[in-house]
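Protein sequences, first through last, are from chains A and B. Residue 478 is where the first sequence starts when you use our numbering, and the numbers rise one by one after that. Residue 48 is where the second sequence starts when you use our numbering, and the numbers rise one by one after that.
Since the hints were derived computationally from the structure, they do not count as laboratory data. If you're wondering where the values come from, they're calculated on a predicted model, not measured in any experiment.
In the BS3-like style, the derived pairs of lysine-lysine whose C-alpha atoms are separated by at most 27 Å in a straight line are: (1) A:Lys512 <-> B:Lys73; (2) B:Lys139 <-> A:Lys667; (3) B:Lys139 <-> B:Lys127; (4) A:Lys667 <-> B:Lys127; (5) B:Lys139 <-> B:Lys122; (6) A:Lys667 <-> B:Lys122.
Distance windows between CB atoms, simulated: (7) A:Trp726 <-> B:Cys140: 25 to 33 Å; (8) A:Gly594 <-> B:Gln144: 39 to 47 Å; (9) B:Gly107 <-> A:Glu571: 53 to 61 Å.
Even glycine gets a Cβ: it sits at the ideal position worked out from N, Cα and C.
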Amino acid sequence: MLIPGDKIQVACHHQEGHGHTHPHSRGDTKVHNVKSGRREIKVVRRVLDVNEKMADENRELFNRHGIFVLNMMSSPGSGKTTTLEKTLAAIMPEIRCAVIVGDICTTNDADRLSVSGAPVVQINTDAFGGDCHLAAHVIEKAAVNIPLDKIDLLIVENIGNLVCPAEFDIGEDARVVILSVTEGEDKPLKYPLMFRESDVAILNKTDLLPYLDYDVAEAVSSIRQIHPDMPVFEMSSKTEAGMGPWLDWLREQVRDKLHMG
Amino acid sequence: MHEMGIAMQIIEIATASIPAEEGDVKVARVNLKVGKLAAVVADSLRFCFEIAAKETPLEGAELGIEEIPVVARCKECDVKWTIQGPAFNCEKCGSGQIEILSGRELNIESIEIADEDNENADTGR
Chain A
478 MLIPGDKIQV ACHHQEGHGH THPHSRGDTK VHNVKSGRRE IKVVRRVLDV NEKMADENRE
538 LFNRHGIFVL NMMSSPGSGK TTTLEKTLAA IMPEIRCAVI VGDICTTNDA DRLSVSGAPV
598 VQINTDAFGG DCHLAAHVIE KAAVNIPLDK IDLLIVENIG NLVCPAEFDI GEDARVVILS
658 VTEGEDKPLK YPLMFRESDV AILNKTDLLP YLDYDVAEAV SSIRQIHPDM PVFEMSSKTE
718 AGMGPWLDWL REQVRDKLHM G
Chain B
48 MHEMGIAMQI IEIATASIPA EEGDVKVARV NLKVGKLAAV VADSLRFCFE IAAKETPLEG
108 AELGIEEIPV VARCKECDVK WTIQGPAFNC EKCGSGQIEI LSGRELNIES IEIADEDNEN
168 ADTGR
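Taking the hints into account, I'd like the entire structure generated from these sequences.
Right, dumping it as structure tokens:
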């Protein structure tokens, strides 16, 4: 609904030359020209500061136990659970792992992952309003069911979504985004925040390349356009081809965290 | 997709920001700063806010959304520039070592309270 006198906002954030003008400018004593008959009260708070505070508390908790926490994100169906299954099989028991897995409904992923022997906590966000992401308070609740003294690595498999999870800090040390070769090469350009906020990227399902017209160089270039120095691991979780560098990176992170603590 | 949760946070913070001495007042407008990199769609946020504000002191309030451009600084050559498209290399030296100075904001800057005399005119829409 448009209210008379209201400004139309352009929904697309990256459209250039949007047509409205801003009455606001930085450094003014007044942020906005307040209509007569109104009083402005300064607030100046981050909207998500409650989440950020809880994420910091989670981070402190995990730091005390020397646990490296990885937030794994991707669109639905890009291979998060398979990547996790194969990763756990490769690094356990050398690295003691636990998993928090988020889905709106079902415990299918938890069932698949518990085969690894790692403690798995399934979160169904339908109890939290069907949320499209995991927020810090959800991780705090899930962490109660994880033996923190007995693990070195906690992997959080976030909800399949390239938009919302990027906005929510959960108290992780690093973020990995998975992109599969059955998705468009330009996905990073369409979801810049996700690729900007991630620390490493996996380009998954490379075993399918012979059957696709997929341009790996273009995909990697899209990632580098958003995050120039980000490591990109090209691999297939299904065949395990190319997983070595990814596993080495993960082992190194866990080792560094242990030595810090 | 998560705009409803954000709308509810805005309402919670705005309601808590009404000074106690104001008593039972209505908030006419909430002013936000939203960075262009933030994963928030303004239209979707307005829609959710209108629904979530029902039966709160913010019912019928406008959302003033100021979009904040993405400004970056190159860590190599110190140049500052506004990022227009999805490209995060230094526009001068091409380095990828950059720091985002603004564009991630999702802040409540202020609320505006309608004086009682004007309240009917403001809520009559």
